[in-house]
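Undergrad: My request is simple: use the sequences and hints to build the entire structure.
Respectively, the protein sequence lines represent chains R and H. So in my numbering, the last spot in the first sequence is 296, and the numbers never skip. So in my numbering, the last spot in the second sequence is 329, and the numbers never skip.
Keep in mind that the hints are not guaranteed to be accurate.
Covered stretches of chain H (in silico footprint by chain R; criterion: 3 or more residues with CB under 8 Å from a CB of chain R, positions within the stretch not fixed) [as the list claims (entries may be wrong)]:
no.	region
1	123-134
2	144-152
3	156-170
4	239-252
Calculated directly from the structure, the hints in this document are not laboratory data. A virtual CB, placed ideally from N, CA and C, is assigned to each residue, including glycine.
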Amino acid sequence: MSSAFSTFLQQVINGLQLGSIYSLIALGYTMVYGIIRLINFAHGDIYMVGAYIGFFAAGFFGRSFFPTLLVAMVGASLLGLTIERFAYRPLRYQPRIAALTTALGVSIFLENFVRQFVGPNYLPYPRIIKVTQIKVGDIQFSNIQLIVLAVAICLMLGLTFLVNKTKIGKAMRAVSFDKDAARLMGINVDHVISTTFLVGSSLAAAAGVLVGITYPRIDPYMGILPGLKAFVAAVLGGIGSIPGAAIGGMVMGMAETMVLGYMKSSYRDAIAFTILIIVLLVKPTGILGKPMSEKV
Amino acid sequence: MTRAKSLLKVPVVLAALALLYLGLIAGFSNNPYYMQILNMAAINTIMAVSLNLINGFTGQFSIGHAGFMGVGAYVAAVCSVFYKIPYLIALFVGALAAAVVGLVVGIPTLRLKGDYLAIATLGFAEIIRVIIVNIQKVGGPRGFLGIPPYTSFLWTYLFAVGTVIVISNFINSSPGRACLAVREDEVAAESMGVNSTKYKVVAFVMGAFFAGLGGGLLVHLLSIAHPTMFTFLKSVDFLIMIVVGGQGSITGSVTAASFITVVSEALRKFEVWRMLAYSLVLIVVMLTRPQGLLGGKELTWEGIVNVPGRLRRFRLPKVGGGRVGTAGH
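TA: So this is what it looks like as structure tokens:
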């Protein structure tokens with residue numbers, strides 16, 4: 001195998017790993033946007049809080065992976081529920097700009113709260129899983145990369161099952177299609193919206209823990225950029241579409257790794273927003289998005 | 001309103017502004033630190049009023065205002081450092097560059113319904129920062145040093161007043177009314193023949209222009225431009241000013257910009273607490289009074305000259321309503 005090609009494959013593996021993280025965060029964005037048309041700016045910070053909960057849970061559970069992941073997901077989903085209940089629900093019938101501003105406020109609050117009460121510095125993430133390198137031909141990858149990918153795929157399959165095969169999933173799709181009609185059909189809309197925040201936040205927390213074990217350090221501002229990029233991923237895949245968010249996240253991760261591998265690394269943060277501008281110019285509904293009709 | 005009262009308007013307002021300027025100079029010019037705060041208050045006024053045009057009056061959601069400020073700042077600085085262009089022209093070129101960038105960002109995003117502008121402006125501000133960091137000629141990540149300190153309080157004050165006059169006249173003009181219509185109901189505005197994309201872009205580009213102007217003033221005040229001066233958190237500062245002051249109130253923006261500049265300066269030692277407090281203010285104001293503290297109310301000439309009349313009515317509560325200083329046009 002030529003070395004250029006194996007370098008490329010190496011980048012693809014790295015891209016899939018980063019892409020799984022973006023996909024998990026993007027799913028929460030797209031679900032919330034699909035259901036209440038709100039860009040939940042605090043979503044990236046829920047991912048950050050999830051990573052922090054995982055950090056402390058790992059110390060408590062003697063560094064075993066699944067309890068840590070579970071506790072982080074439960075903790076973050078409670079946070080998501082609280083935010084929805086107290087910050088977003090009172091504004092549901094106000095102009096959208098009010099809810100957006102509040103979301104931004106919640107985001108800044110979470111960052112500075114963690115910064116003030118946990119500390120502003122990088123924390124080294126505990127080594128929950130022992131790293132072993134696996135070599136296939138010229139390509140080298142770690143067991144962590146496999147675990148990240150596997151956990152992400154399992155969670156996404158679980159989400160697909162939840163949305164397509166269960167009663168609450170059906171209710172979610174109904175509410176996102178038409179909130180008022182759903183209410184007339186006897187669906188408890190508040191309950192469905194809460195569930196959406198719960199599921200989205202737990203996925204973000206899972207992404208936080210996975211990032212923690214891959215790049216073993218966390219800080220209070222770690223959620224800002226991945227949050228924004230995941231949102232762009234959701235727009236790229238078609239905002240409101242769950243498979244779209246998964247695909248968009250993967251594409252975003254891949255694009256970023258390629259920029260890192262073949263161009264100047266300082267451009268890595270610009271690529272996401274370049275993609276965004278291109279999507280908005282060429283196909284604003286995204287890869288899998290349906291054109292939205294205007295309701296008066 | 002009688003004709004005599006409205007004839008008085010321009011000279012009295014100008015005299016009041018001149019008096020305010022002289023008063024501020026007389027009160028603070030012996031203390032450079034206070035003058036600096038006054039300068040910052042004036043620049044923040046420009047930023048808040050121009051952001052209010054986009055967010056408050058046109059109902060869009062831009063959260064990358066610091067990005068336009070950065071464009072104006074760096075372009076103006078390059079003009080006066082490398083090309084030795086006179087100060088005022090350099091400021092103008094910087095503002096124009098910010099407006100052109102605003103056009104480039106605005107056209108693809110503003111034709112869409114929904115909240116794409118928020119994320120696009122945020123992303124664009126980030127791209128600008130990355131580009132600036134990668135240009136070694138302007139100092140890259142080290143910052144751009146040695147910008148001549150041309151900005152004085154006279155200029156920041158004049159430009160702040162100018163910005164307020166231009167934007168408040170714009171809002172009361174026909175295109176300005178179209179912007180308000182777009183804010184109230186985009187679909188209804190379109191059905192009345194308002195080209196909503198056009199007016200959104202006009203307001204956005206105008207906002208970007210004044211943000212660029214503010215940036216140019218700022219770097220010629222501090223004689224340094226640094227990429228970290230134009231981050232997302234800076235945009236949030238401006239957003240908080242218009243939210244607290246009232247989205248859709250120029251009076252509110254001016255008051256809140258000046259007030260928050262002073263408060264921030266006083267709380268400089270408690271940076272994290274300040275951000276915590278800001279975020280809570282943002283949330284609580286939105287939850288309890290989404291229109292902001294002043295809502296859409298303005299301090300107007302009509303409001304002031306009618307004060308005696310209102311006071312009279314106050315004593316006889318059964319006559320007349322309690323309309324307080326709304327724009328009476």
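Undergrad: State for each hint whether it applies.
TA: Verification of the hints:
no.: 1; hint: 123-134; in the structure: holds (count 8)
no.: 2; hint: 144-152; in the structure: violated (count 0)
no.: 3; hint: 156-170; in the structure: violated (count 0)
no.: 4; hint: 239-252; in the structure: holds (count 3)
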